[in-house]
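Trainee: Construct the entire structure; sequences and hints are all you get.
Number of protein chains: 8
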Amino acid sequence: MAEPDPLEGVAELDLQRAARRGYPEAVYCEGKTPDQVRAIAEAVRDADQGEKPGGATLFTRCSDDHLDVLSHVFSDAAIDETARLVAWPPAPPAPVGGPVVVVCAGTSDLPVAREALLTAAYLGRHCELVVDVGVAGLHRILARLPVLRAARVIVVVAGMDGALPSVVAGLVSAPVVAVPTSVGYGAAFGGIAPLLAMLNACAPGVAVVNIDNGYGAGHLAAQIAAPAASSD
Amino acid sequence: MAEPDPLEGVAELDLQRAARRGYPEAVYCEGKTPDQVRAIAEAVRDADQGEKPGGATLFTRCSDDHLDVLSHVFSDAAIDETARLVAWPPAPPAPVGGPVVVVCAGTSDLPVAREALLTAAYLGRHCELVVDVGVAGLHRILARLPVLRAARVIVVVAGMDGALPSVVAGLVSAPVVAVPTSVGYGAAFGGIAPLLAMLNACAPGVAVVNIDNGYGAGHLAAQIAAPAASSD
Amino acid sequence: MAEPDPLEGVAELDLQRAARRGYPEAVYCEGKTPDQVRAIAEAVRDADQGEKPGGATLFTRCSDDHLDVLSHVFSDAAIDETARLVAWPPAPPAPVGGPVVVVCAGTSDLPVAREALLTAAYLGRHCELVVDVGVAGLHRILARLPVLRAARVIVVVAGMDGALPSVVAGLVSAPVVAVPTSVGYGAAFGGIAPLLAMLNACAPGVAVVNIDNGYGAGHLAAQIAAPAASSD
Amino acid sequence: MAEPDPLEGVAELDLQRAARRGYPEAVYCEGKTPDQVRAIAEAVRDADQGEKPGGATLFTRCSDDHLDVLSHVFSDAAIDETARLVAWPPAPPAPVGGPVVVVCAGTSDLPVAREALLTAAYLGRHCELVVDVGVAGLHRILARLPVLRAARVIVVVAGMDGALPSVVAGLVSAPVVAVPTSVGYGAAFGGIAPLLAMLNACAPGVAVVNIDNGYGAGHLAAQIAAPAASSD
Amino acid sequence: MAEPDPLEGVAELDLQRAARRGYPEAVYCEGKTPDQVRAIAEAVRDADQGEKPGGATLFTRCSDDHLDVLSHVFSDAAIDETARLVAWPPAPPAPVGGPVVVVCAGTSDLPVAREALLTAAYLGRHCELVVDVGVAGLHRILARLPVLRAARVIVVVAGMDGALPSVVAGLVSAPVVAVPTSVGYGAAFGGIAPLLAMLNACAPGVAVVNIDNGYGAGHLAAQIAAPAASSD
Amino acid sequence: MAEPDPLEGVAELDLQRAARRGYPEAVYCEGKTPDQVRAIAEAVRDADQGEKPGGATLFTRCSDDHLDVLSHVFSDAAIDETARLVAWPPAPPAPVGGPVVVVCAGTSDLPVAREALLTAAYLGRHCELVVDVGVAGLHRILARLPVLRAARVIVVVAGMDGALPSVVAGLVSAPVVAVPTSVGYGAAFGGIAPLLAMLNACAPGVAVVNIDNGYGAGHLAAQIAAPAASSD
Amino acid sequence: MAEPDPLEGVAELDLQRAARRGYPEAVYCEGKTPDQVRAIAEAVRDADQGEKPGGATLFTRCSDDHLDVLSHVFSDAAIDETARLVAWPPAPPAPVGGPVVVVCAGTSDLPVAREALLTAAYLGRHCELVVDVGVAGLHRILARLPVLRAARVIVVVAGMDGALPSVVAGLVSAPVVAVPTSVGYGAAFGGIAPLLAMLNACAPGVAVVNIDNGYGAGHLAAQIAAPAASSD
Amino acid sequence: MAEPDPLEGVAELDLQRAARRGYPEAVYCEGKTPDQVRAIAEAVRDADQGEKPGGATLFTRCSDDHLDVLSHVFSDAAIDETARLVAWPPAPPAPVGGPVVVVCAGTSDLPVAREALLTAAYLGRHCELVVDVGVAGLHRILARLPVLRAARVIVVVAGMDGALPSVVAGLVSAPVVAVPTSVGYGAAFGGIAPLLAMLNACAPGVAVVNIDNGYGAGHLAAQIAAPAASSD
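Protein chains in written order, with the UniProt record's numbering: chain E, 1 to 232; chain S, 1 to 232; chain G, 1 to 232; chain A, 1 to 232; chain V, 1 to 232; chain P, 1 to 232; chain R, 1 to 232; chain H, 1 to 232.
The hints are simulated quantities; they were obtained by calculation from the structure and are not laboratory data. Be careful, since some hints might not be right.
Unchecked claim - Simulated restraints on C-beta separations: (1) A:D65 to G:A43: 56 to 64 Å; (2) E:A150 to S:E30: 46 to 54 Å; (3) H:D68 to P:A94: 56 to 64 Å.
Backbone N, C-alpha and C define an ideal beta-carbon position, used for all residues, glycine too.
Mentor: Given below as structure tokens:
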């Protein structure tokens, strides 16, 4: 039982995805061995970058071992340890389209919020982060109304009771992308409580992504806030 | 297999409960046959009422058949069709203790809210009802701050995302009794979504009762708002 | 226990919501009695409509009794029996913004899909419906690629395995709003199976609303496809 | 991607909460890095304490690393290793209001029970702890009836079958705050079994907080047992 | 597609089961059509009863239609409408072995409790029923201690919080068979709450059967209380 | 809002599926209105049947209304009321490939078992049905060993504890397709109990389909028992 | 916050339990710190053993640290590392009553099976262990019929599909105590699959204890097989 | 409490299983101690191999410790570290029957896919592996249609949304064995999301095995693709 060659029997890179969908592929590292991530990163590094419109390749949900491997493959990658995210090439594109605002209910939700923020930034949007504005102190979110109302789309990241998206959506006309987090304990059930609350948001205009899925939320926000096509 | 005599092998009335706990027993009608409810009601009616301090007997969660039976046993009962609740004798006691405010997120939550309101009233509290103040329009709940801040305890009844208790608890110093309702559909799962949200309320000072348990919430509120003993 | 007056202790209409959020309020009828719906409808009818920018009031999830009541209150309402939706005034606004495409996996998902379609149309978007294109016959969805790729946002409605949003999102650059339906049996668990599949969509760019929540999906799609503000 | 300054992009302290709600803010440490906790603790230490009525700041659910950080920031904090709780300043206020009794079913429930006890004490209540009185040996709880009946509110902490709150609530007239714990195994499901049992308590007068939420129970008990306002 | 002959392709009676296991077979009627139940009943009636030691055949969980069919097949069957149970021949055997006590927490649990009681009686045990002794009023169960302590086995039937088996098991040395019932609402989840509580009973000596499974509990109790073999 | 034309906006028939996959399409009727089923049936009837190799069209999970509609559209359809299945044209093809044996644990599982049996028969296999052989009486299944061991594939239909597939798979070398049914009550949870048991079958060689999915099991069995291609 | 004295505020030993219930108390070590277990063990060691009829004290679910502590407190304890159980004094009592047979489906279930076996032995029963007789190879269990049929009660320990109790109960007249184990993976869900299967056992005569609860099963078996009282 | 002898009280090898069922037994190592695995391996090694038709013994789900033990017992075993599988003797049999294709959605699903592949190969089938063909990029799976259509059976391994089996089954006439994996996070719930999706596959011809159960899928595929008997 010989070991397979690099990428043979492991992965098929979809380097044409940017051309097809307009956004580059990201590499989800969780569940991959450091060796698999290294092989993929080397293939990314060695590909003809001229074919890749749309920006940097993102490596998401990196463990410490993954970060270590990637910092060796890419000498100049951008690394965000809070978000467990690596981008290469390191520079995000110049922002176009509408502004994306990422709202974070509590400090413990910050890793997910930053993953969303960076993803949208690397997909070419102007982004702003608003932190620690949970509904237990309404004055905090009400003080940010001007920023919220200027957004083309708002990403709301919250754990525990997941009440913030309902409150935010009731205050603005922009769509809200809600991200439940696994922050909490007991009957939070690893994010089920805020997930269900968000799916049942009593204000219309809320859509939900997977628990802790900052990448997906940032990607979706970038799509929503994309520059209007001529037909719009 | 002869049928049992009335109450024999069916129920044991706990007419001394008011003396022991300070609050009279209630009869939970759901799951009982109309005949069983009739037998219990007749026993209540025929008991020596002089032994019963603390007010009327409540019959809760009555079906139409139960309401019909009870209106025959008691010629003068108070019947609330929205709350599916019957009280006999019909007059609530003169209120003592602190004020109880019942807050109801939406119109569909009204039956549960009224069950809580009436229960607390029949256990001797002054009660006030605030309706249709869901978090999707924050101005509605903020407009009621004076009423909320005057309460000794607040019962918050909400379905769907169950976000209202967190918001209310963050605005007041009184304890909040949260009642999830089965209002909603899909991922509301018959009240699981608001139940979990309330258990994970991000503001301290929130306790939760069973889904749709207006009676329990009203009872608890009456206990919390009971007149202060001399040792307090 | 006298019955409350109409709307007193029942509901607070939020007729200013269109001014505040840009979209009019909808009345969710499930869980309300026909009498409550009548009272609300009459209040809507009698309000000064000049204050209501943004279009018609929608009554959603109407039972047969609700439809009956509403057809009496409004002599000229638009009624869609498949979607269980009533709109008044009956004419949708002239469409602005980008095109919304609603994709429906199977015939049984049609009520939810039409609810989404009509909601987006009444909120002022140009809409198109694509039906019966489940992934078991890929040729059906592939044949619609031009329509899909012209959309500013795509609503995908599916029950059972909920696989269609992943496939659609992989083919286009527009954001996808996924609506799980309760269509299916056994381990579909009333929509849990497609809900989970959609939350775990392996293509980025998918957000999810509640099970059977056609209204929410249509509303969100209208917000996403809204005309670009000058800052975009 | 520069690291944010202390608290910038991490947290917003709500030092005015004591003025607004009457109770000081607590810092929930789980899910925060030791560096984040240090930054918050230093901000608490350096704030003008004259503005903070209502007592000490509590740091809850501290890991060993958190305890280490906090003992360095505060030279004189009170540290309870069983409850994983730190209080600063260390002295609880002089107790006012009614007595709080914390009842603990088993030895393994002790950390949660002590968290409740200390929270209520630091919020200004007189507290008493009753341990190891599970319902499998009824004589143990019956022997404590005088203490139970003197309480203004009783916190009952139990895992496994969660039967103790029903039994206690049936014996007293005070409200019961039930805390399910994650003590148990197998079909205890991390506290779901006692949580459900407590939500279905067959005695009225029981409200429930999140699994293992000693802090929330203590806070609520302090609110319930607060000195009666003049209007009561 | 011709209809199958009676019992052909429908059922295989196991008339020898009494000889093999010592207890006769019961016919679980739920999910069977009235015609199927009739065919089975006629086969039972026509079989050579001389081969059937151990007593009558029981038909359990009968709908009204089933009861109707069975009363026509057997002119002299014993029918218990509360327990939805039919026995034929109608006379239970003379009791042998130890006494079985069936304890029922509330009136609504009575159908399940009677199913257990009658099953054990028809399998040849002396049985006694104790009703309405929920833990919310401990004096009720404590008053029955002599009956409980005389039992060879105790069947405890309870819904809601399912706390009664723990309390009973802590008071006696006999084994306890706990039967959760679907009595309750909301977070009782059709019997899940008492089922979990009983599985986590904090007193040893409790075993659990399926929700509402009075038949199974009665059968098991009869086996446990069977006359001691010579080797015991 | 004009009603759509027949099939327009309702369904797209996939009449070429037999050519593409080798098996004809079936129409799943649950969730479709009688009018929708009628429109589809008429389209099936009017299509050029010469293009349809592989056998009859099946209509599955028919309600009484569906059966009524279909018996009007097709004067000569085969209708099985137990299986709620209609086939047209009525004659199954001459059987080819290996024998399919359908094993049914109890009488209540019969509708699902017959749906599997008829599906496989209409897809061209020789089928045999074995009923009422639950594991509580092992002699019943052991008596059928010759039939079981002659099968190319065995479909095992069982509810409750779902134990039969493990036992059967341990006795034969053929693959087993396990079908959990919703037969049972309480902790059977509508088929979850046997579903989980079958997924955890301790004998290898068991695959599982959805709860009550007789059609899927019969289809799969027909594929497994298909005549061997030349390359086999 | 001074540390509590040994046992003060930690535990109340119930040394009279043997006198009250006939069986000595066991110490459940999971969730207790090694220091707490040491304090309890020392109290047990130092108590007047003359008051303790019924046998040794058992320490169950011991971690390696617990085993270490206990081997220091008791120089002569009996330690079973597979069952994680310690008994002191080490000698089980002379067996009385009927024989207990413990049946174990697979090797991985052995720790739970041995916990049951040893518990019943230390409570004074004659016990026998039968291992590795899963239903995937029926010949293994059928070969043990004489042992099974001689038992007064059978404990069946199984994970995965939990099918063994149904099969065993169908073969004998003795009651079966079923113990689901957390052995398995994926959809075994930590023992939920066998738990549900056992609760739905299609043979009557099966009762279930908590997942992995060997102690509870052994205790119950000892009660069931206790010597018959004179009234039996 | 003496330790049992090797295999005594631990396991019963079923070396005749190959003769009885046609396939050799595998040893599931998870949950067994290294010592238990060693004892079993030595018994396998020392048995008379002449009695074992059908190929090598497989050891599945090996930890690093298990691999270490097995490499000592068998000097020449085949070890696959990705699949955590050991085979002895190391050579698979010459393939017979139809081709088995194993399709793997993503890189992280590879361990399960390889376990399926190797199992089918050691049971005597010709196998092919297709990797990284998730539905987010349909061109990848469409490019493999010739390989898929040549298969006698296809094993599809996927986590996250579990959409691949529906797509594959819709493209081919061979049966599909779907294997959900625990790859994913949040609402993937350890494999529940793909498990449910696969059970609800909208294309017929899909059967499901347990989460991560590569062995079971490979075994089943080998049975399905077995050489046709003369009766086929």
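Trainee: Are the hints correct? Go through all of them and say.
Mentor: Hint check results:
no. : hint                        : result
1   : A:D65 to G:A43: 56 to 64 Å  : 58 Å, holds
2   : E:A150 to S:E30: 46 to 54 Å : 52 Å, holds
3   : H:D68 to P:A94: 56 to 64 Å  : 58 Å, holds
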